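Enquirer: Got chain A sorted already, so can you dock chain B onto it with the hints?
Next come the chains, spelled out residue by residue.
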Amino acid sequence: MSTGSVEQFQQSLSRLDTAWTVVSTDELAATVADLVDPPAVGAELPFDDLSLAETPVTLGPSPAQLRDAVTGVTGSRMGIASLGTVAVESRDEGDEFVALYPERHVVVIKASDLRSDLADAFGWIRREFEADRRSFILATGPSSTGDMGALVQGVHGPEQVHIVIVRDNE
Amino acid sequence: MSESERLDADRIRTLLESEGDEIKENTRLFNAERYDAVEAVGEDEHEDNRSRAREIKEDAIERLPELIDRTREAVEANGGTVYVADDAADANRYISEVADDADADSVVKSKSMTTEEIDLNEALEADGLDVWETDLGEFVVQIAEEAPSHIVGPSLHKSREEITELFEREFDPEESLDSAEKLTAFAREYLGGRIDDAEVGVTGANFVMADSGSIALVTNEGNARKCASIPDTHVAVAGIEKIIPSVAELEPFAELISRSATGQEIPQYLSLLTPPVDTPAIDFDSEDEPNFGNSGADREFHLVLLDNGRRAMREDDDLRETLYCIRCGACANSCANFQSVGGHAFGGETYTGGIATGWEAGIEGNDVAAEFNDLCTGCSRCVNACPVKIDIPWINTVVRDRINRGKDPGFDDMLVDGLIPDEEESGTPLRKRFFGNFETMAKIGSATAPLSNAVASTGLARKAMESVLGVDARRDLPEFERTTLCDWAEGRESRVEEPERRVALYPDVYTNYVQTERGEAAVRVLEALGCEVVVPDVGGSGRAPLSQGMIATAERKAEAVSESLLPYVEDGYDVVVVEPSDLAMFRREYEKLLPEEDHERLDEGSYEILEYVFGLLENGANADALPAGDGDGVAYHSHCQQRTLGLETYTETVLERLGYDVLTSDVECCGMAGSFGYKSEYYDLSMDVGATLADQFEAVADERTVVASGTSCMEQLDSLLSPGTRHPVELLDPAGG
Chain A
1 MSTGSVEQFQ
11 QSLSRLDTAW
21 TVVSTDELAA
31 TVADLVDPPA
41 VGAELPFDDL
51 SLAETPVTLG
61 PSPAQLRDAV
71 TGVTGSRMGI
81 ASLGTVAVES
91 RDEGDEFVAL
101 YPERHVVVIK
111 ASDLRSDLAD
121 AFGWIRREFE
131 ADRRSFILAT
141 GPSSTGDMGA
151 LVQGVHGPEQ
161 VHIVIVRDNE
Chain B
171 MSESERLDAD
181 RIRTLLESEG
191 DEIKENTRLF
201 NAERYDAVEA
211 VGEDEHEDNR
221 SRAREIKEDA
231 IERLPELIDR
241 TREAVEANGG
251 TVYVADDAAD
261 ANRYISEVAD
271 DADADSVVKS
281 KSMTTEEIDL
291 NEALEADGLD
301 VWETDLGEFV
311 VQIAEEAPSH
321 IVGPSLHKSR
331 EEITELFERE
341 FDPEESLDSA
351 EKLTAFAREY
361 LGGRIDDAEV
371 GVTGANFVMA
381 DSGSIALVTN
391 EGNARKCASI
401 PDTHVAVAGI
411 EKIIPSVAEL
421 EPFAELISRS
431 ATGQEIPQYL
441 SLLTPPVDTP
451 AIDFDSEDEP
461 NFGNSGADRE
471 FHLVLLDNGR
481 RAMREDDDLR
491 ETLYCIRCGA
501 CANSCANFQS
511 VGGHAFGGET
521 YTGGIATGWE
531 AGIEGNDVAA
541 EFNDLCTGCS
551 RCVNACPVKI
561 DIPWINTVVR
571 DRINRGKDPG
581 FDDMLVDGLI
591 PDEEESGTPL
601 RKRFFGNFET
611 MAKIGSATAP
621 LSNAVASTGL
631 ARKAMESVLG
641 VDARRDLPEF
651 ERTTLCDWAE
661 GRESRVEEPE
671 RRVALYPDVY
681 TNYVQTERGE
691 AAVRVLEALG
701 CEVVVPDVGG
711 SGRAPLSQGM
721 IATAERKAEA
731 VSESLLPYVE
741 DGYDVVVVEP
751 SDLAMFRREY
761 EKLLPEEDHE
771 RLDEGSYEIL
781 EYVFGLLENG
791 ANADALPAGD
801 GDGVAYHSHC
811 QQRTLGLETY
821 TETVLERLGY
831 DVLTSDVECC
841 GMAGSFGYKS
851 EYYDLSMDVG
861 ATLADQFEAV
871 ADERTVVASG
881 TSCMEQLDSL
891 LSPGTRHPVE
901 LLDPAGG
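Top line first, the protein sequences correspond to chains A and B. So the first sequence is numbered by my numbering: it starts at 1 and just counts up by one. So the second sequence is numbered by my numbering: it starts at 171 and just counts up by one.
The following block holds chain A by itself, in its conformation from the complex (with noise of 0.2 Å):
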């Protein structure tokens, strides 16, 4: 399995109209502060060492909340350097609410979690398959329309999409 490079994921979300910003595991809970545009929802991050809980988030928010939300953030296990791509998991904690419903969406996503092109990222998908993991987004930019005669993005899912890029420690 070969590792994508940060900067080719990068190279990749300049040109889906998408911001980054790269961080130490120490800098994440003062990074997600900044990034999000109250009110925000959550949905507890899929990894050990990284967490909301100290950050401007609600977790398990309740409907309401859900709605009104201008920030969704969610975590990811799976980036696609060559595409820009992050996999949105549907998990008990209710990633897909919180990627969808809000207008802008951050993704907390580590370096090394990044796969080259799309044949890596399908190797780990089958990876996951068989570990019982099944039920993925890829997802790639803010959602958009050309429906209504120009393309327009944000629709039924965020129109900002920001990801958060968690360096692994040295």
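Everything labelled a hint here was simulated from the structure, so no lab data went into it. One or more of the hints may lead you astray.
[As the list claims (entries may be wrong)] Okay, the calculated bits of chain A under chain B, using three or more residues with CB under 8 Å as the criterion:
(1) 118-129
(2) 148-157
[Stated by the list, open to error] To be clear about the criterion: a stretch of chain B counts as covered by chain A if any three or more of its residues have a C-beta under 8 Å from a C-beta of chain A, and this derived list gives those stretches:
(3) 417-429
(4) 785-799
[Unchecked claim] To give a feel for the contact side, a few chain B residues facing chain A, derived at Cβ under 10 Å:
(5) Lys328
(6) Asn390
(7) Ser399
Bear in mind that the values here come from a model prediction, so they are computed numbers and not experimental data. Yeah, the Cβ is synthetic: ideal placement off N, Cα and C, and Gly gets one too.
Expert: Just chain B, lined up with the frame of chain A:
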């Protein structure tokens, strides 16, 4: 399509005026983006993906019964339900029951052509349910009460202004919805509420993965994600042909589907869902309860696998590959006729574009396919566009043949019925026989020329041809030459001593009887480059009858051609062809018409004239033997079938090597397409398609020589610009000038 909407000249004119501009702009954009996306990933990688996707689909359809069983086992093990519906009524009844069990008042849907096919909305509405389409394009056609005009972009026939007018009339908003942004914001708000309130969400499935009981959904808006996760009950409706063995086989399709559809590398959202998913149920009635309302409800999942004619298609040797279709719409976007009229003309009850003939014939029957099947001219531009390599023109030809026979044999006796050669003429309409037997007409016309030309061009004759045969009087008829190319060649000795190569120049019907000068030029060019040239007396390739769906006649012609030409190939002659549509017969269609070995020998032994000249020059022939271009300008229109075979580049390269400055058109087809442009009801469409080519050449026609490889293209360019279009080989003619 109702009786009043039958496809006649008026209906086509109306659609060209009302929807043509939007259809053109959007389909051509998709088409151009597809070309760019394929170039970006690399032709080789794209080809590898196509080959793999094709193999996977062939294998999956072959093993379909087993895969249906495996899908059922996996979905049930996950806690869902599989229902295999025999037909539309069966599927609708089941989904109604599911909605009933869920105590549903309303259902939200993401885009699904399969639910369009079964008219699910009407069935659920008849049960008193509210049904909302949440894909914005589908929402527009739902509000407009229209049918989708394109498999991928259901509302792409509508301008932003028309949608504004529609929404303002329907919803009476406080503020004007006079931009795409405002329309989108309005629809998001409106439909967002509907989704939150719905008890049942219906999605399609682009792929179903048997081993894990998963589905894949390809979307850009995010509405399918919502429909699959917000209502507690999720119903996915898919044709049985959507099943692939496992997630491992999804990869080439993930590469291909968006690239082929819209030129995207990957869709905004590729959902791989194995329902019921772990995302918690959400309860908007407990809106202040944490954890999404602490619903505690169990998610329900129903996978409805639809047969509705597909199992019979699987048994049908000619329609089977329709089932490999992944509904990307590339065949529509790459089709010149579709680009002009769209799916409201070029489509049946549900499906649109070239592949629609296969779907509609298999699902609805030949009579529905008959309503639009003539719009496929066999230009073959969709062949390379299709991500699973379906021979879409062949499906159109076969269905045309079945329609001609005036009977719908049904699938049970399809194999027995076959295509019996001697039965050709029993049901074939007079007009198709007229166009299909052009060779006979050419023979007689030539033998009695110039009298035949004079008679045919009289007003009375043209009137009779228009009323009896539907040959449009606005078109110039081909003028037959008294001395055929074969006659001319017979009277000469070969001029080449110790030839480098020996060539059998195939006298296609047009070159032999009508455009003899391009044939004579070809002979002189080949001789100047050191070839001995013979012009054997060989009949038509079968292109004309095949284009009319007269397969048995085409097969007889193919056999006669191969009997005449293969001995030359055996003797070491290279077969050289002037008319690209006939070379395309040898290369492509003869695979279906001849024994495999004969097809392969003729395919390998034959060349397009400029392809052959290129080869001679590459192998040391002296270009100085041909007149130089001296920087003169040429406007070149390659032939659609020639481009599908990848051969236009040889003409460009040879002309450039001789010193010409070459401008090449980039339209998919000239719009003439053999007999198509002669038919009265299609004249306007043919000219509309041609207008794009004219636009590209009009400004330069004065300073560049206009050349075209195909006879039809020459005729079309003559009528669009001014007479005098030539074949490129005429520029190379040492005796020309």
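Enquirer: Please go over all the hints and tell whether each is borne out by the structure.
Expert: Comparing the hints with the structure gives:
Coverage of the stretch 118-129 of chain A by chain B holds in this model, with 6 residues showing a Cβ closer than 8 Å to a Cβ of that chain against a need of three. Requiring three or more residues with a Cβ within less than 8 Å of a Cβ of chain B, the coverage given for the stretch 148-157 of chain A holds, as 9 such residues are present. Coverage of the stretch 417-429 of chain B by chain A holds. Counting CB-CB distances below 8 Å, 6 residues qualify, and the rule asks for three or more. Using a Cβ-Cβ cut-off of 8 Å, 0 residues of the stretch 785-799 of chain B lie near chain A, which falls short of the minimum of three, so the contact claim is violated.
Of the supplied interface hints, the one on Lys328 of chain B holds, with its beta-carbon coming within about 8 Å of a beta-carbon of chain A, less than 10 Å. Given the 10 Å rule on beta carbons, the hint for Asn390 of chain B holds: about 5 Å separates it from the nearest Cβ of chain A. Of the supplied interface hints, the one on Ser399 of chain B holds, with its beta-carbon coming within about 5 Å of a beta-carbon of chain A, less than 10 Å.
Hint 4 alone, counting from the list given before, is not met by this structure.
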